[in-house]
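Two chains, two separate frames, one set of hints: put the complex together.
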Amino acid sequence: MSQIHVITTINGDETEFLCEAQETLLDVLRDHLDLTGSKEGCGTGDCGACSVIVDGRLVCACLMLAGEAEGRSVETIEGMADGDDLHPLQQKFLEMAALQCGVCTPGILVATKNLLERNPNPTEEEVRYWLAGNLCRCTGYDKIIRAVMDTAADMRGAA
Amino acid sequence: MIKGGVHQPIAHDSAVKHVTGRAEYCDDIPEPAGTLHAYLGVSEVAHGRITGMDLSAVLAAPGVVGVLTAKDIPGENQISAVGAGDEPIFAEEVVEFHGQPLFAVVAETRDAARRAAAQAKIEINTLDPVVTVGDAVERGMPHVTAPLTLVRGDAAAGLARSANRIRGRMEIGGQEHLYLEGHIAFAIPGEDEDVVVHCSTQHPSEAQHMVAHVLGVPSHSVVVNVRRMGGGFGGKESQMNLFACVAAVAAKRWNRPVKIRPDRDQDMASTGKRHDFLCSYEVGFDDDGRIEAVDAELAARCGVAADLSGPVTDRALFHADNAYFFPDVRLSSRPMKTHTVSNTAFRGFGGPQGVVMGERIIEEIAYALGRDPLEIRKANFYSAGRDVTPYHQTVEDNILERIVGELEERSDYQARRSAVLEENATGGLIRRGIALTPVKFGISFTATWYNQAGALVHVYNDGSIMLNHGGTEMGQGLNIKVAQVVADAFQVDLDLVKVTKTTTEKVPNSSATAASSGSDLNGMAARDACEQIKARLVEFACDSKGIKPEEVEFRPGHVRVGDADIGWADFVKSAYLARVQLSAAGFYKTPKIHWDRETGQGRPFYYFAYGAACSEVSVDTLTGEYQVERVDILHDVGRSLNPAIDVGQVEGGFIQGMGWLTTEELWWDAQGRLRTHAPSTYKIPLASDRPRAFNVTLAEWSVNPERTIKRSKAVGEPPFMLAISVLEALSMAVASVADYRECPRLDAPATPERVLMAVERMRGVV
Ligand code: FES
Ligand code: FES
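Here the protein sequences come in this chain order: U and C.
Under UniProt numbering, think of the first position of the first sequence as 1, with each following residue one higher.
Under UniProt numbering, think of the first position of the second sequence as 1, with each following residue one higher.
Because the hints were derived from the structure by calculation, they are not lab data.
These numbers were taken from a predicted model, which means no experiment stands behind them.
Hints may be right or wrong, so weigh each one.
Claimed, not checked - Covered, in the sense of this in silico footprint (three residues per stretch, anywhere, with C-beta under 8 Å from a C-beta of chain U), are these stretches of chain C: (1) 227-235; (2) 475-481; (3) 654-661.
Said to hold, decoys possible - The list that follows gives simulated cross-link-like pairs (lysine to any residue, SDA-like), each with its CA atoms no further than 20 Å apart: (4) C:Lys683 / U:Arg128; (5) C:Lys17 / U:Asp82; (6) C:Lys3 / U:Glu95; (7) C:Lys683 / U:Gly43; (8) C:Lys683 / U:Ala132; (9) C:Lys592 / C:Trp449; (10) C:Lys17 / U:Glu75; (11) C:Lys683 / U:Asp46; (12) C:Lys17 / U:Leu33; (13) C:Lys17 / U:Glu78; (14) C:Lys17 / U:Pro88; (15) C:Lys17 / U:Leu86; (16) C:Lys683 / U:Gly133; (17) C:Lys17 / U:Gly79; (18) C:Lys17 / U:Arg30; (19) C:Lys17 / U:Asp85; (20) C:Lys17 / U:Glu95.
A virtual CB, placed ideally from N, CA and C, is assigned to each residue, including glycine.
Chain C on its own, in the form it takes in the complex (with noise of 0.2 Å):
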């Protein structure tokens, strides 16, 4: 067996310059002589028109060489990642949230630039700023994007036939990303138009594209360098292009390398975050809870522009049915346009919102009959006969039964679920909530083009293997994973095979590293590549020795030839001398999605990931705080092409859920202000509030039926909704103080604020 292939539990291929502090970030990069650095000016308001921009007290400051503003831009001022033309750079006229940047001011020193960023002299006059999506709604505000709406039967008339019907509201919270390096880029120019921009992006080819509009040159001018991300998380997908445009911009004017990298507040006042929904809902349901049908609304906070929301809210609505077959069904978006930053994609996409009101959904049916809530879940499974999707897709490979079934025993849900009940019943000041819950979540972008991905090999004439691929590494793993399916592929140790950073001279037009499918497109890319370099190996031995392809084989670390057993690295010399090619680009497109926005109909997704945790929380009812006691998790990556980090990936994503339904909370003052703009105001989750006991598992029998990389599934997203066990377990604790005969509708974040609220609330039912 080779070391490091395929299905093996191998350490990230950055793990030793990780612990030693040796792996180079962005701002790791040494700073050629003569390197400026870049700041932005930003509006102080969210509201308001532009009355006059004095910056003779910036230039004037110690250090600045020059600031950039919207008519310094030499292309088009304009950075929407989706062709909106709704995102200048600079703003001119008018300033629509609080943290949009006005001007960049270029300095010796960053210290310089940033003190200097300080001493402009804006003058604004305010306009009343829309800031929630409430607000939006009702002071009937545009959508930044078209709405979307998925029908399938007729909700209006399964509603009325139904024999229980409740009606209800829920908000749910952004996010922010929090990635631990902020966004950071560093352009240094070069002769004639060309730039190159060294910078922390989950998608470079977007920046290589926005930055050649930007500066109006073709994009062959600008090459885009990535070697790896401090997190990303979705946050750097089209957030880091306003970066790497001043940057170029900045370079290309003074013809010095400059770099740009805002401290942590403007970081999270001025780019965007996950979207924070208003959900209204209608089911209707019969005395057993099974649903007859749903009708739905879903706004979204979106900011200012469009940017990603449009695909962030169509997932949200294809992921509010989760696990449940919904007979009739009506979903409805509204992408709603606030005076806030322009949110953005986040883990997820849209999709855990969605979930968070479809299990909702569920709570309200539980509460409503006085039942188990995973009793009302398991009744509403998609199943035989019961499996279209209000988009029109079958779900053909469902395996929650199984899941829920295998956890439901493993986390012995039955009998604490009792026990809970019990010690709850005594009526102690600690109350107790648990909750299982599932996740199905779609895999494959909803904008069909961007299932596509290219990858690079090169086999040098010493058996060395030299891998580039479109995505990007941000810390998941994706480059060991693309790695181990090539050492697979030729059978040679991992530790011949080396990925480079992730550049757009070597791939060019790649997707972002997003909707979890970096390894399934990647993967597939680069094996595409080696089966090319592999079939003219082939083809060498056979025209050399006379023998069938049948007849050559890619052993562990040789190969058979015939009769013979060549050493891998003199196989590839013979071939190299017998001047065979031995490079390749390898493409791949994900095949059988299609979708049509038009009608809501077809298949989106290639497959579905899926997963449950249960999750048991205890509650102080004086004061709103809580502990999560336990969790357990059993998750489907389909065959894992590496266990060690795709358990990394269902323990992060789980905490990092955990954090955006618990303690996660953005707030905005009526001025548009985001209060909360540091690690100081807005908490993640620590290492203190990491479940008391935490069981993590993979399952090991799942297989994807689809045709993917080695049969795995997609990890990056799904384990993230797993968290809504602990938003329903919490639930479940304040339910207790009204005897559950209430649904206690605990919005998110439950922070203990709120928690604390519910619970009088209930006590007020009592």
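The shape of chain U in the complex, shown without the other chains (with noise of 0.2 Å):
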């Protein structure tokens, strides 16, 4: 089977990539990009480990086929710290101890990123059912929650 040439913008560096016309985008940045901040938790869209965005929207990377990143600006967890300056969810995520094991964290931190870019003022029930794509086993969501919702406020207070 002849390979796709893709040009896209990763974290905001123009990449190129060659892929099967079958692979999705968490494949390539995983396999072929050595992009593996996202995770695949399902493969089907239910767990919202590879969440990545794309274009401003959060997108499952496992259900979109990396033929279709062609032309877009696609953002995952590896670009969301500056260099070594976290990004304050980060910071907030890592000082109220809102993860375990780890392997949900990157997703959840790139869809509450895109929530407060949406919404910077959320409610608690709106944060809630924003991540109720974002499956975590380990936390319980209760330091995750808090934590964006602090974020939310710090950031506001900092604009």
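Dropping the structure here:
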């Protein structure tokens, strides 16, 4: 089968890759581009561990074909911190122990970053339902929700 | 004070890597060129005789390098964790569960292997499967392992003299682990017979022994490594052996690295889960609700093989009393064979099922007498003179009265219960329920020999410290806790201590990281190693300065030697130059415990951990849907090694327990096929399900009376059972439609469907 040549932007950098037609964006990120921060928890769009932002929209990378990334802008967990400077959400998750095994963490951070970009002042109810597509089997979510609420308040204060 | 010593709320040691996506899990390890990928071909039927297996299309599929079947196993085709000989890697003549591995295909890519596996032509003469535990009992299926009976006093006589007697039955569902990182193993062949296996296992030593056994080589040829897991919960205690062995056999066969990672559906179908139980109980009690006698049988769906079902069903019996004294008691287990995947360890290890039944008994009494279940609980708590368990261990450290009393106040239980009763009395469609339930959980492996651990500590001559222990990190924060213990022992800042991956090369014969024992055992082993090194350092200081041991003291960041303060690094350097050995292997075995399974007597548990939860729910009686409104928890972890980590364990355990008892339903069809085999059909709690108010507190005053590591207590499993308060609150809401005249006997999981059916049933009684 002939491979597809894709030119896209990943975390602000223009990126080129070759992929098979059936390969998902998640496969390419993890297996070809060495961006293993996005995780596969299910491969069927049910767990959110593979969450990435494509042209400002939150998507499951396991449900998007890599070929569809052509000409788009993809943001992954690897692009969230600025060098060693963590994004406020990352910093807060760390301080508030909003993680345990950490496999859900990248997806949840990407998803909440997207939420706060859309809605800097979410209610707790909105945070809980926004994250309903991101499974976490370890934490019970409480610290995650509190960390998001706290970060949102801090970021509003700083803005 | 040092930075990051014990009792401080330090972040998880991998937290920065977790939030940046840089934490390396097994699937993230860079694959060497030439890496192959394996995939399992599994049975599509639950029970039958294999009459033909044509794998020619599999072999001919693009990218395929070869296949492995039973006859390709160089050693024994057998991976029973308990040596029962009932778990082949690949089935040979009969298949006994849907999803049972028949062969593995090895290909250049995972996608190619996965597609090729579907090309097999398997002929099976289908036999009738026995799927449920009820069927297994009725149809006289064998036990997969020897059952246990616990007896104290005379249950029959106790029942006979009781003023009141109730007999009942309860179904308690199983649970899928749904660790977010699924099973995975990655084997790299070495020279001679050697192989290194990276895998996501809670029990590296067992995986090592199993791989050696299956390859037919000595254990010294096999190294198993695990840096971190993406969740385990018991699901990676024995179930990883299958994948580790397949990867290793393939790696040796083709002399190339081989990775195996099932997809989520195969992971769920082909690996074991929490046991579901069918319990029958009879309780006798007096008019004040005091229990006189209990006679109960707990039958479990074990699936096809023994695996860990023996100790799991034993533990169900050990916890059927939960926190209550049964004067005359008989409890027996029935580990039933069924044609389903072999069930296995899962947080609580059978204990939760026992506790759920025990709490049902309390509910029965409360509804029969028209009393608040909490009053019945209090009347039956272990107390002086009423303190011997059904396994003849005396409860010496009971703190439940205080925990429950404090929680009752904090949660404002009495006033809220009155408000709930009042609101329900208005007869609305939305009914509310509130319940406060306790937990007492025994800590130690009931297989006494597992209660040992090793650790290896190196102090390098720049003062930095490398720590290795036999426990595994699955998110529970074990590594950071043990590192805190080491930092505390040497009185150095935590950042001087590095915890490295768990590997069978450094600590041999380790026990599974399970039974909540991780920090108890490994913390003590690490401390032992530190004490050995410290003793040598003290001797060195005494010799070189001509002082007495009392004059040497490890203080934050430095060592007091006589009148001089020497910085830690300088002190270590001088010790090195004086040829002091700066490395030690530590060891620990839990004292005091013993257990005689034949007589059903002993002290299987070193101590108990306690806790209590109060939950309030609202139920829509037209649909059965419900919402958990508020949860208050007071939990005992002794003197917490790390409060931030421990609170996380309590919250996570509670929510996972809540999922088990509410929305998580495993459903097999009549042909024995698991039909809820992905998160699309199996619903674990979501962020949106978190209780609207969730107040979690540790009992800060608690100190473990036993000499555990820094007087802490284990925390992994006990909080899981706090979620029984949710089940009972739902039960109360349901009972309200019949004015609480009857115990609703709400079985678990109390899915909205089941709640609705119970409401309808209750309506029938009005
Ligand atoms: S892996 Fe994409 S949603 Fe689960
Ligand atoms: S931290 Fe393990 S799944 Fe969320």
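Enumerated hints in conflict with the structure, sorted upward: none
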